[in-house]
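Line order of the protein sequences matches chains A and P.
According to this note's numbering, the stretch in the first sequence is residues 1 to 118, in order.
According to this note's numbering, the stretch in the second sequence is residues 1 to 152, in order.
Since the hints were derived computationally from the structure, they do not count as laboratory data.
Hints are supplied without guarantee of correctness; some may be wrong.
To be verified - Some chain A residues near chain P, calculated using beta-carbon distances under 7 Å:
1) Val20
2) Asn24
3) Leu25
4) Pro40
5) Thr44
6) Phe47
7) Arg93
8) Leu95
9) Lys99
10) Arg103
Claimed, not checked - Partial selection, computed: residues in chain P whose CB lies under 7 Å from chain A:
11) Ser33
12) Ala42
13) Ala74
14) Thr101
Quantities reported herein were computed from a predicted structural model and do not represent experimental measurements.
Even glycine gets a Cβ: it sits at the ideal position worked out from N, Cα and C.
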Amino acid sequence: MAEHIIGPVAELPPGSHRVVKVRNLEIGIFNVGGAFYALPNICTHQFGPLCAGTVNGTTACSAATDWRFAWVREGEILTCPWHGMEFDITTGRCLANPKVRVRQYPIAVEDGIVKLTL
Amino acid sequence: MIGELSSAGAGGPTIRPARPGDYAAARALAEVSGFEIPSTLAREASFAEVIAPGGVYIATADLPIGLLIAQPIAYDGDRPYTLWIELIIVHPSWRRRAVGTALYRALGGWARQLGIHGALTARRDEPAADALHRRVGFVAHRDDLLLWRFDE
Ligand code: FES
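Using the sequences and the accompanying hints, generate a full structural model.
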């Protein structure tokens, strides 16, 4: 594993994401409310370009929402552009089947620079 | 375990999962094969990390002459679910002797046994690499990837 410089933190403000290529592997870099996450750009379903999808929220219906459908977790959910499967960016888990998750690569900000370990 | 020990053919090399002690030989193999040293082979500690999930195979004929590094990029519970082929190298004097195919066969046996969904790699503009990948069962996927499905 080695560190790879992604770029200045100012170029990846909260709510933004970008796909970079590191050693031939495409990785999605996400800034969710100031915390960075790095996931492979390969969906667990049919190997689609997961990180080219949109970042938004999801619907939930539970005791926490008083058993009404509510829009939750805005900015934390990635939707695959091929068939719409949703993934939690902060854990890599698939919402429909949380046992399945994409790998998360270590990513950190040092001296204003975003660095990925791969 | 499938792929634990197999042979590339009569008189051919033995294929086995890599061990931490293979680090120096694996690195030397990458150097002699003209490969830029990947970060997975940069340090002994990172090599130990890389082989831990199990998708790293080595071909030996007294000395290591082939190396395949596959890394999980998705998991189902604790087991790998999707693999990324980071590297396949064969010593120059052992090329065209089915060593690469034997390495991939060992990986495929292990992957099917674990229920792994598929493996991907970057498409390269090299006829020999392309022929090897197609022979093994990889097909073109998206713009610049090759995909080998284990669940079909
Ligand atoms: S490939 Fe992502 S939802 Fe099907």
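Okay, the hints, checked on the actual structure:
Violation of the interface hint for Val20 (chain A) is found here, the shortest Cβ-Cβ separation to chain P being roughly 14 Å, above the 7 Å cut-off. Taking 7 Å as the C-beta contact cut-off toward chain P, the hint placing Asn24 (chain A) at the interface holds, the least distance being around 4 Å. For Leu25 (chain A), the shortest C-beta to C-beta distance to chain P is roughly 6 Å, which falls under 7 Å, so the interface hint holds. Below 7 Å, beta-carbon pairs count as interface contacts, and Pro40 (chain A) has one with chain P at about 4 Å; its hint therefore holds.
A least Cβ separation of about 5 Å between Thr44 (chain A) and chain P falls short of the 7 Å threshold, and the interface hint therefore holds. Restraint check, Phe47 (chain A) versus chain P: the minimum CB separation of about 6 Å is within 7 Å; hint holds. Interface hint status for Arg93 (chain A): violated, as the beta-carbon distance to the closest one in chain P is roughly 10 Å, over 7 Å. With its C-beta approaching chain P no nearer than about 15 Å, Leu95 (chain A) sits outside the 7 Å limit, and its interface hint is violated.
A cut of 7 Å between beta carbons decides the hint on Lys99 (chain A): the least distance to chain P is about 5 Å, and the hint holds. At its closest, the beta carbon of Arg103 (chain A) sits 5 Å from a beta carbon of chain P; the interface hint therefore holds under the 7 Å criterion. Checking Ser33 (chain P) against chain A by beta carbon gives a least distance of about 17 Å; that is not within 7 Å, so the hint is violated. Checking Ala42 (chain P) against chain A by beta carbon gives a least distance of about 6 Å; that is within 7 Å, so the hint holds.
Checking Ala74 (chain P) against chain A: minimum C-beta separation of about 5 Å stays under 7 Å; hint holds. For Thr101 (chain P), the shortest C-beta to C-beta distance to chain A is roughly 21 Å, which exceeds 7 Å, and the interface hint is violated.
When held up to the earlier numbered hints, the structure conflicts with 1, 7, 8, 11 and 14 and fits the remainder.
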